[in-house]
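Line order of the protein sequences matches chains A and B. For the first sequence, our numbering assigns the number 1 to the initial residue and increments by one for each residue that follows. For the second sequence, our numbering assigns the number 1 to the initial residue and increments by one for each residue that follows.
Fair warning: there could be bad hints in the mix.
Note that identical chains are pooled: a pair holds if it fits in a single copy or bridges any two copies.
[Unchecked claim] List time: in silico SDA-like cross-link candidates among lysine to any residue, alpha-carbon distance up to 25 Å:
id	residue 1	residue 2
1	303	313
2	303	355
3	303	216
4	303	357
It should be emphasised that the hints constitute simulated quantities derived from the structure, not laboratory data. Since this is a predicted model, take the numbers as computed values, not measurements.
The chain contents come next:
2 protein chains.
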Amino acid sequence: MADYTFGSVVTLAFDDAVDWQARLFRAAGMNDEDARLSGHHLVVADARGVYSHGIMRTPTYIEKITEGGIDPAARPEVVRGKGPTVLVDGHNAMGQVAAQFATDRAIELAKEFGSSTVSVTGSNHLGTAAYWVEQAAAADMVGFCWTINGNNIMAPWGGIDARLGNNPFGISAPCLTRPAVTLDMATSVAARGKIAMAMRTGSPIPEDWAYDKDGHPTTDAEAGFHGTVQPSGGYKGYGLTFMNAIVSALLNGSAFGDDIGDFFENPTQVQNTGHLLQFIDIDAIDDAEQFKTRMDAAVAYLKESPRRDEVEEIFVPGEIEARKYESQLAAGIEYPTEVIDELIALGDSLGVAAPTSTNQGAHR
Amino acid sequence: MADYTFGSVVTLAFDDAVDWQARLFRAAGMNDEDARLSGHHLVVADARGVYSHGIMRTPTYIEKITEGGIDPAARPEVVRGKGPTVLVDGHNAMGQVAAQFATDRAIELAKEFGSSTVSVTGSNHLGTAAYWVEQAAAADMVGFCWTINGNNIMAPWGGIDARLGNNPFGISAPCLTRPAVTLDMATSVAARGKIAMAMRTGSPIPEDWAYDKDGHPTTDAEAGFHGTVQPSGGYKGYGLTFMNAIVSALLNGSAFGDDIGDFFENPTQVQNTGHLLQFIDIDAIDDAEQFKTRMDAAVAYLKESPRRDEVEEIFVPGEIEARKYESQLAAGIEYPTEVIDELIALGDSLGVAAPTSTNQGAHR
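All chains should be built: construct the whole structure from the sequences, respecting the hints.
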C-alpha cells in the first residue's frame, strides 16, 4: 500500500500521459505498438498510486534503450514448448514487451488447455506484476506472475552480503461486481527506494526496514542503504524471494546472483531477466460466474469484519489501488513537478513535445 | 524453522513408527495403502523435525474418522477437467489420501503436457505441503501446493475478527547433488500451537506473534490465544493468506470463512478443504540436468555469503529439515514421551500394539 506526499503537483489526463510516454518511447526507437504498451503500463501504475513503478522510470528505461541495455526492436518468440507449457525468449526486449507477449500466450494457452505455464528468459524489468495478472482476471482466469528483480539488495538469512533481489510476485482473481483482487508484493519489508529517500532527507528509518553492513537492524538510513533490505516476515521472506528466483530465473537459465545487471546503474548491461506466468481458466475448474459470485461474498465477508478502533475501513489486496485508479482515470493523475520536469527535459533532447496540460503546473 | 525442546524422549525407528501409525489407521477403518500413506506422511514430518504436523496429530485424525468427520473409505476422483487442468473431489477422504491422488495426477499430467494444474475439493487437512511438492522435485519437476487451513485464526488487516486461516503453501525444486530446496510456510508469524503452549506454561510471547481481542499486539499468551495471530510481514501476509484461500478453496467452491470446520474442535464436522497443485516438468522448459546444476550453484552461492558474527551457517529453505530427516532416518526419531503415551493408550482402545521400541522410554 503506497503512500506518497507530493510538494507541487502537475495533473495530467490519463490519455495525455500515455500518449506522451508513447511518443518518448517511439523517439527512442520502439515501434508504435510497443511504445504505447510501455507508456500505458507505466501510466497505469501511476494511476493506481504505485508511482515507484510509473513514468518516473521512463528516463531509466530510455537510457537503457539508448545505451544498448535494452533492444527496442526485439521481437519475443516461443523457443521451446509442450502443449500449454512454453518458454519465451524476449531477445532483450523491453520487459513490458516480453511480458505482454507472454501474457497473450498464457491467455491463449489457458483457454485451450484450462491452464498455462509460460516461462520467460532474455527479458528486462517487467514493471508491476499486477498489470499482467490483472489481464488474467479480466479474461476470467486466475493469474500468477513471478519475477526476479534485477538488483541484489537482500542477504540470505543470517548473511550480510546482498545476493538476492526483493523479488516480487503477483496473484489476481476476478470478482463479479467489484474490481479484481490483486496481490502485488515485493519480498522485502520496504522498497529500497524508500530507504534512499530517507537518506536524502536525513530522516531515520523504521528498525525493520534495513540491516547495516554487519547484518544488524538499523534506523540510520545511510547505514541501511549501504547494507541490505530486511525480508518481509524475516526468514520466510528470504525463503520466498529465493523460491521466486528459482521459478522465474533459474528454471530457464536467466541471470541470477552476480550475473544480474543492476537496473538503475549500468545502462549498457543486458539484464537477462526471467519471469514465470501461470494462468488458470476458471471455467476449467468451475463455472466462472459462480466463482466470481463467491469472490464478491468473500470480499464482503472480510470487509465486514469488526475493526480496530482507529481503522475506518478494511481493504482486500489491490482495492486501494483500484479505487485510486478509478479516481485518477476520471480526474487526471497527480504527478510531482520534479518528475514532469525531468520528462520535459528528456523530451526536449529527443524532440518530443510535452502535453499542453503540463503547463498548468506551479513551475511554469 | 522448527525448534522443540523435549523432556523425556522415546526413540523410534522410522519404519517402526510408520508401521505403528499405519496399523492405527487401519484399525480406524482405512485400507492398507491409505493407512500406510497417512502414517508415512506423519512420520516423515516428525523425521524432518516438523513435529507439529506429525504423529501427535494421529489421535485427532482418528477421532475425526471415528466420529464421521473424515470418511476412511472414500475414493477421490477426477470430476471435471480439460487436458492438464483437472478438478479432484476428495469425497471427504483423509486429506493425505486426496492429496496423494492429486499429486499422482499432477505428475502424470505434467509429464504429458509439460505442466499441470490440479484443484482439489472435498478434502481435509493435507498435513505438510512439503510432502507433496517434494514428490514433484523427485520427478524433476517444480511443484507448488496451496491450501486453505481449516481454522480461522487471523483477522483481515485492520480487523479484529478471525476470518482467515494462516493458510500455508509449499514450493519445491530439485538440486543435482543436494536435497531439494523446499519452502513450506504458513502465513502467520508463529503457529497458534506455540501461543497455546506459552499459555499453558504461563510464559509471555514475543510481541509480533498475536493480537488481543481489540487488535493490539500483546505479549500475554492468553490474550493472544483469545485474539488472532499476526500475519507474517503484516499486511503482506494478510494478502497472501487471502490469495491462498482464493486459489485453493474459493476457486472450486470448497469451504471458506464461517463454513470452515475447525480441525481440532469438531470431530463430526466435514471440513470440505480445498487445495491447488501446480507442477512444472523442468524438461519442458530446459534440460533438467542443467537446471539442477544451476540449483547446486545457486545454493552454494547463498551458503557462501559472508555471515553475521553470531551465525555459523546459512541455510536454504528446507535444508534444516532435510538434514534432520537424514539423521533421524538413520538414528531413529526422538519423540516426547507424552506423545508416545497418548498413542499407546489410543492403540489400547483400538487393539493395536505399540512397537516394542516404545518400551525403551524412561516412562516404562
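Hint-by-hint comparison with the structure:
1. Taking CA atoms no more than 25 Å apart as the test, residue 303 paired with residue 313 passes inside one copy only; the shortest distance there is 7 Å, against 43 Å between copies.
2. Within a single copy, residue 303 and residue 355 get their C-alpha atoms no closer than 40 Å, and across copies no closer than 52 Å, so neither meets the 25 Å cut-off.
3. When the C-alpha separation of residue 303 and residue 216 is checked against a cutoff of 25 Å, the pair qualifies only between copies, where the shortest distance is 19 Å, while the shortest distance within a copy is 38 Å.
4. For a Cα distance limit of 25 Å, the shortest separation of residue 303 from residue 357 qualifies neither inside one copy, at 38 Å, nor across copies, at 53 Å.
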